[in-house]
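Number of protein chains: 2
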Amino acid sequence: MVQPLNTLSATEIVALTLNGTVNCETLARECLARVAAREPVVKAWAFIDLDQVLREAKALDSRANRGPLFGVPVGVKDIIETADMPTQMGSPIYRGYRTLSDAGCVAQLRAAGALIVGKTVTCEFAGPAANVTTNPHNAARTPGGSSSGSAAAVADFMVPFGFGTQTGGSVQRPASYCGIVGYKPTFGLINRQGVKPAAESLDTMGLMVRTVEDAALFMQVLTNSAKVQWLPADAPIRIGLCRTYAWKDADEATRNAVENAARRLEKVGFSVCDVALPPPCEGLPRTREIINDYERARGMAWEWNTHADKITDALGKSIRNGLVIPRAQYIEALEQVALCRHRVAALFTDVDVLLTPAADGEAPLGLAHTGHHRFQSIWTQLRTPTVTLPTDAGPSGMPVGIQLVGAHFADDRLLAIAQRVFALLGQGPRIEL
Amino acid sequence: MVQPLNTLSATEIVALTLNGTVNCETLARECLARVAAREPVVKAWAFIDLDQVLREAKALDSRANRGPLFGVPVGVKDIIETADMPTQMGSPIYRGYRTLSDAGCVAQLRAAGALIVGKTVTCEFAGPAANVTTNPHNAARTPGGSSSGSAAAVADFMVPFGFGTQTGGSVQRPASYCGIVGYKPTFGLINRQGVKPAAESLDTMGLMVRTVEDAALFMQVLTNSAKVQWLPADAPIRIGLCRTYAWKDADEATRNAVENAARRLEKVGFSVCDVALPPPCEGLPRTREIINDYERARGMAWEWNTHADKITDALGKSIRNGLVIPRAQYIEALEQVALCRHRVAALFTDVDVLLTPAADGEAPLGLAHTGHHRFQSIWTQLRTPTVTLPTDAGPSGMPVGIQLVGAHFADDRLLAIAQRVFALLGQGPRIEL
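Taken in order, these protein sequences are the chains called A and B.
Once you know that position 291 of the first sequence is 303 in this note's numbering, the rest is easy, because the numbers rise by one and skip nothing.
Once you know that position 398 of the second sequence is 410 in this note's numbering, the rest is easy, because the numbers rise by one and skip nothing.
Honestly, I wouldn't trust all of these hints.
[What the hints assert, rightly or not] List time: in silico DSBU-like cross-link candidates among lysine-lysine, alpha-carbon distance up to 35 Å:
(1) A:K329 with B:K239
(2) B:K279 with B:K322
(3) A:K70 with A:K55
(4) A:K329 with B:K55
(5) B:K55 with B:K260
(6) B:K55 with B:K329
(7) B:K329 with A:K70
(8) B:K55 with B:K322
(9) A:K239 with B:K279
(10) B:K322 with A:K322
(11) A:K260 with A:K329
(12) A:K239 with B:K329
(13) B:K239 with A:K322
(14) B:K55 with B:K70
(15) A:K70 with B:K322
(16) A:K70 with A:K279
Quick caveat, the hints were computed from the structure, so don't treat them as lab data.
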C-alpha cells in the first residue's frame, strides 16, 4: 500500500516533487482531503480557501524555478502576516484584516517553493485565552496554545509544517500535547518581521513538524545554513537530566517520560548526569510575568485603548498588570534573566544537551484552558534552542513529550542529538488514519 | 514679546495646556502655520492633513481626561504605523498604505494626550537611500537620515517632538546635522510593535527633541518611570573622552567640538580621562554590515521577492549581500558584538558617561547622501543609551553635535548628566525665526 501523500514529511515530499514523481497539485489535493475530512472536529484553520490553495499548487507546478521546499504544504499561525490571506490574530478586533505584505519568514518559504495552505488558529494575540481548536487525538482535550492550529494541523497530517511562535510556551506545549516535534531555535535566529509581537524580548519563532529532519530542512532555508551533520550511532553524547524547580508540578506521565528517557539513553551508551538550574533561575516564573506583561501592555496599547471591550479577561489582566509595572522593576527582571542566561551557558561545558520536561503531562480535558507554560517559559527566557520530542504516552493514551535543550546558538548540534534520541526512543501515540 | 508657541518645548507646552493657559487648538494652529511657511523648502512631512490636525486638537480640548503630554504636537517617522494616516515607509511599494492600528508607541502618546501631527519623511525603509527632506539650516545640505523628517521638523520648530528609529545612525546623525537633541535609549526600552523592522537585533526607537528635559518627559510616559532627578551644579561627574577607532575620519569641526567640550567641562570641575574602546570593538564596522544585511534580507523578503524593481540600488545592495551571508557568519558577528558589550560595560565603573563624536562633522552639501553612520552605529550595536547634544558650529555655520553615552540601562543617569552638560556648553546654531 502506498503511503498517503499527506502523511509524508517535508523531506520526503521534496524528494518526490523535485524529481517530478509527484506534482504539487496531487499532493495539495491529498492534504486538502484530509483537511476536509477532519477540520469539522479539529478546527485547526482560521482561514483556508481550498480553491486558492489548488490554484497556487498548479502555479507551482508550472514554475520553472523550483526551490528546496518545492510543493511543501505549510500552515501559518494567524498572527503572521500573509499578503493573500487575512491575518486575524485570533481576535475580533482584526476580523477580516488584510495586510499588504507577507511576513519575512512567509516570503522566504514561498520563495523556496512552499505552498501556503492557510492560516492556523492562534489564541488571541498569541496569549493565554483558549481558541476553538481541539486536540486531534481527542477532541475533548486542549491542543495547547497559543500555536494551537499549527500543532493540530501537523499532528493530524493536514500539513507537514506549521509556523508557531513562543513567548511563554506556545510552541513546546502544543507540540507535546499534540504529539509532534516542536523546535524553538535560539532567540532571534528566525526573522520576526511581520509577526505580531506579544512581548518582543521573548517572542521566538518556532517550527512545528513531525520529524527532526524537517526542522533542519526549514532552518537551512530560513537561515542560510549548511546541512545538519547527523550523528553516527556511536557518537558520544552527554545528557544533563534537568528536572528544574518545577518538577513537583509535573504529572507522573511527564516524570516517567523524562526519567525513562534518561535510563534508556544511558543504556545505549549516552552519558547522563543530573544538572540543576543555577540560581537565580528559581525566579524565572516571576521575571516572565513582569517582562511579558510590561511588554504586552506597551505593544498592545492601541488595542487596549480603543477596543478593550473585545479583549478577553485573561489577556486584559496581563495588560492591566503591565501598565502599572515601573520601568525599574522591568529592568531588574531583565537583568536577573541575563544573569540566569550567563550561568546556564556554563552548564553546557559538561553536557551537550539538557533533558527536561516538555509540559506538565498529557493534554488536560476541556477546551477552556491551554495548559501552563512553566516547563517551556524557562527556555524562552533563557533564549536557548529547544526541541520537544513526542516520545511517550500518558495514562489516557495521549501524547507526552520530552524536551531537549541546547546551548545558545548550538542549534545544529541540538538537532543532530534530537534526531538520534528520537530514533532511539521512538514515537508515542500517533493519530490513526 | 511673547514667545511663539511653536518654539516651546514639550515641557513648556504642558505647563500651559494642563492649566488651561493655552488650548490645544491655538497651539496646533501656530505649529501648522510654521509648517505651512516652511514645508515647501524643508519637506519634512510624508503626510500631513491640516484639517485633520485641527479636528484632533479640538477633540483634545473637549476631552475631560488630560494626560501628561496634553496637546503636545508630535511627528511620527513614516515606518511607524498610524491608524488614521498612511504609513508609506518612504517607498513606492507602500504608497497610500494604511494599517488598522497605531504602533504601540503612538497609541501610548495618544493616550497621554499628545497630538499626532503627521508622518515625517523617512529614508526608504529606514535605510541608506536619501529622501526629499532638506536641512532646515541650509536647504542645500542633507538633514541626515534615515529619520530625516523628524529631525528637520523638530529643528525647524514645526513640532517639539519626533519619533525616530536607529539601526545604524538614523537618530544621532540627523540630530547632529540638524542641531537638535537626539536620544537613543537602551535597546528595547521603547516598544517597537508596529514599527517596520530594518534589522531587528539593532533597531532602536529614538526621541528627537530640542531639550534633554523633553526626552526625559517622553520616556516617563513611554516606560512608566519616575521623574529624572536633575543634578545639582556641584555634582561630581566623571567623563571618559572616547575618540573611538574612527577618530581619523572625523572632520576638524567634530574633533574640536568633542575636545573643547572635554576642556570646558574639566574647567568647571568634571573629571575627564581618556578612554579607549576595548578590542574587538575595532571590528564593529564589519559586524554591523553582516548583522544589518543578514537581517535586512530576511525581514524584507516579501518586498525583495515581489517588488525588487521598486527598491533602490543602495538598499538592494544590502539585501543581496545579506542573502548570501551564511548563518554561521551571522552568529559569529553577533557573538563578537556581545563580547564588545561585555567589555564596554566595564568602562562604566570608572566613568559615568563617555564623550564621543556624534557625526563626522557638519551636514555635507548635497541631498544625494545622508552621511556615514560610523560614529553612531558603534553605540547602536553596543545597545547603550546615547544623547546627541547640538553644542557646536562647523566652518559653514552648520550645527555640529557631541555625543554622550551611558551604561546599559543607566538612561536616567545619562539624561541627568546630558542636561547639565547642555546647560554648561550651550546650544550651537539655531534656525532663525
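Structure-based check of each hint:
Straight-line distance between C-alpha atoms of K329 of chain A and K239 of chain B comes to about 27 Å, which keeps the hinted pair within the 35 Å bound. The suggested pairing of K279 of chain B with K322 of chain B is violated, with an alpha-carbon distance near 54 Å, which exceeds 35 Å. Distance restraint check for K70 of chain A and K55 of chain A: the Cα-Cα separation of roughly 26 Å lies within the 35 Å cut-off, and the hinted pair is therefore satisfied. The straight-line distance between the Cα atoms of K329 of chain A and K55 of chain B is roughly 44 Å, outside the 35 Å bound, and the hint therefore fails.
For the hint linking K55 of chain B to K260 of chain B, the alpha-carbon distance of about 33 Å falls within 35 Å, and the restraint holds. A C-alpha spacing of about 27 Å is found between K55 of chain B and K329 of chain B, which places the hinted pair at or below 35 Å, so the restraint holds. With a C-alpha separation of about 33 Å, the suggested pairing of K329 of chain B with K70 of chain A holds against the 35 Å cut-off. At most 35 Å may separate the alpha-carbon atoms for a hinted pair to count; K55 of chain B and K322 of chain B meet this at roughly 22 Å.
Taking the CA atoms of K239 of chain A and K279 of chain B, the gap is about 61 Å. The hint is violated against a cut of 35 Å. Note on K322 of chain B and K322 of chain A: the hinted pairing is violated, with a Cα-Cα distance of about 39 Å set against a maximum of 35 Å. With a CA separation close to 27 Å, the supplied pair K260 of chain A and K329 of chain A stays within the 35 Å bound. As the CA atoms of K239 of chain A and K329 of chain B are separated by approximately 27 Å, the hinted pair is consistent with the 35 Å bound.
For the hint pairing K239 of chain B with K322 of chain A, the CA-to-CA distance comes to about 34 Å; that is within 35 Å, so the pair holds. Distance restraint check for K55 of chain B and K70 of chain B: the Cα-Cα separation of roughly 26 Å lies within the 35 Å cut-off, and the hinted pair is therefore satisfied. Between K70 of chain A and K322 of chain B the CA atoms are separated by roughly 28 Å; this keeps the pair inside 35 Å, and the hint holds. Our distance criterion of 35 Å between C-alpha atoms is broken by K70 of chain A and K279 of chain A, whose separation comes to about 50 Å.
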